Amino acid sequence: MKITDIISALDLKVISGKSGLSNEATGGYVSDLLSDVIGNSKEGQIWITLQTHQNIIAVASLKDISAIIIVKGFIPEADTIEKSNTENIPVLGTDLDTFNITGRLFELLKKE
Amino acid sequence: MQFSHKIAGGDFSKAGNVASAVKKVLRQMNIDHSVSKRVVIALYEGEVNVVAHAYSGVIDVDIDETRIKITISDKGPGIADIDQAMEEGYSTASPKVRENGFGAGMGLSNMRKNSDAMRISSVPGEGTIVEITNYTKPDPEKNMIIEDLGREPFVKELR
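For the protein sequence lines, the chains are A and B, in the order given.
Under this note's numbering, residues 1 to 112 are what the first sequence spells out, in order.
Under this note's numbering, residues 1001 to 1159 are what the second sequence spells out, in order.
These are computed hints drawn from the structure, not numbers from a lab.
Check each hint, because a few of them may be wrong.
Stated by the list, open to error - Which chain B residues stay away from chain A? Per the calculated CB distances, all over 12 Å, these:
id : residue
1  : M1001
2  : H1005
3  : M1029
4  : D1060
5  : K1069
6  : E1088
7  : S1091
8  : S1121
9  : P1138
To be verified - DSS-like mimics (lysine-lysine), calculated; alpha carbons at most 27 Å apart, straight line:
id : chain 1 : residue 1 : chain 2 : residue 2
10 : A       : K42       : B       : K1069
11 : B       : K1137     : A       : K42
12 : B       : K1006     : B       : K1024
13 : A       : K42       : B       : K1024
As the structure is a computational prediction, the values presented were derived from the model and not from experiment.
From the three backbone atoms N, C-alpha and C, an ideal C-beta is built for every residue, glycine too.
Please put together the full structure from these sequences, using the hints given.
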């Protein structure tokens, strides 16, 4: 499913990385530990996390993550936003917590 | 092809830059995607280890047709007990490092899983050298052998 379709279905806010909005999401991964994401996420997945610092973009870029969803209305730091724009990785925001946004994303991708 | 990068301890803003640069080089060289993915994971973890634990480090990358060899040498506290450090979940990271989602104690084990050969030597109080090698041709047979060696795929060299 396209990131743009997921954004409208889940009412996500586009924070940065607009040039990557046509990315295709192949699934999702949920973790706040960067080593876990580096070791276990798969190419094309959407990553749901509460981390907001710029290292999440480095990890997402290395793993070819399709987009990052930041939970609970957290605002990423300025350098995170800047890096996501240069790496073309969309950073999306939701006011929901990890449990609820993950459930909704799972239901949405399950329909595919 | 050989090149080196210097990294500064404690500077998390640049963590991953070397891995990112190497990823681009491997892509340009048309290295098999399944190979470069593992190299990049192992290198990223090594880079983060230097940033999180050491004062400074040098990453030497050496690529030929058969293999990618990366040597990460740091000046730092060193590792007193390598077996313990290799255990998944064991970490000496500071609370500040953990708050940023690092320090889960998976770095060295991720490096082991994502390299075909790994060697560590360390002198407590001086520094650590980690060398990882990945072969450019993923040979199913060889991969099986590597998996068989999975229990002991790294050589410890305590000087």
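Status of each hint after checking the structure:
1. The claim that B:M1001 is not at the interface with chain A holds, since no C-beta of that chain comes within 12 Å of its own (minimum 20 Å).
2. Distance check for B:H1005 against chain A: the nearest CB is about 14 Å away, which clears 12 Å, and the non-interface claim stands.
3. Consistency note on B:M1029: stated as away from chain A, and its beta-carbon is indeed over 12 Å from all of that chain's, at 17 Å minimum.
4. Every CB of chain A lies more than 12 Å from the CB of B:D1060, the least distance being 20 Å, so the non-interface label holds.
5. Here B:K1069 stays apart from chain A, with its beta-carbon at least about 19 Å from theirs, past the 12 Å limit.
6. Distance check for B:E1088 against chain A: the nearest CB is about 10 Å away, which does not clear 12 Å, and the non-interface claim fails.
7. For B:S1091, the requirement that its beta carbon stay farther than 12 Å from each beta carbon of chain A is not met, with the minimum near 10 Å.
8. Distance to chain A confirms B:S1121 as a non-interface residue, since its nearest Cβ pair spans about 23 Å, more than 12 Å.
9. With a minimum CB-CB distance of about 16 Å to chain A, B:P1138 clears the 12 Å threshold, and the non-interface call stands.
10. With a C-alpha separation of about 24 Å, the suggested pairing of A:K42 with B:K1069 holds against the 27 Å cut-off.
11. A threshold of 27 Å between alpha carbons decides the hint, and for B:K1137 with A:K42 the separation of about 21 Å falls inside it, so the pair holds.
12. Simply put, B:K1006 and B:K1024 have alpha-carbon atoms about 18 Å apart, close enough for the 27 Å limit, and the pair holds.
13. Note on A:K42 and B:K1024: the hinted pairing holds, with a Cα-Cα distance of about 19 Å set against a maximum of 27 Å.
The structure shown violates the earlier hints numbered 6, 7.
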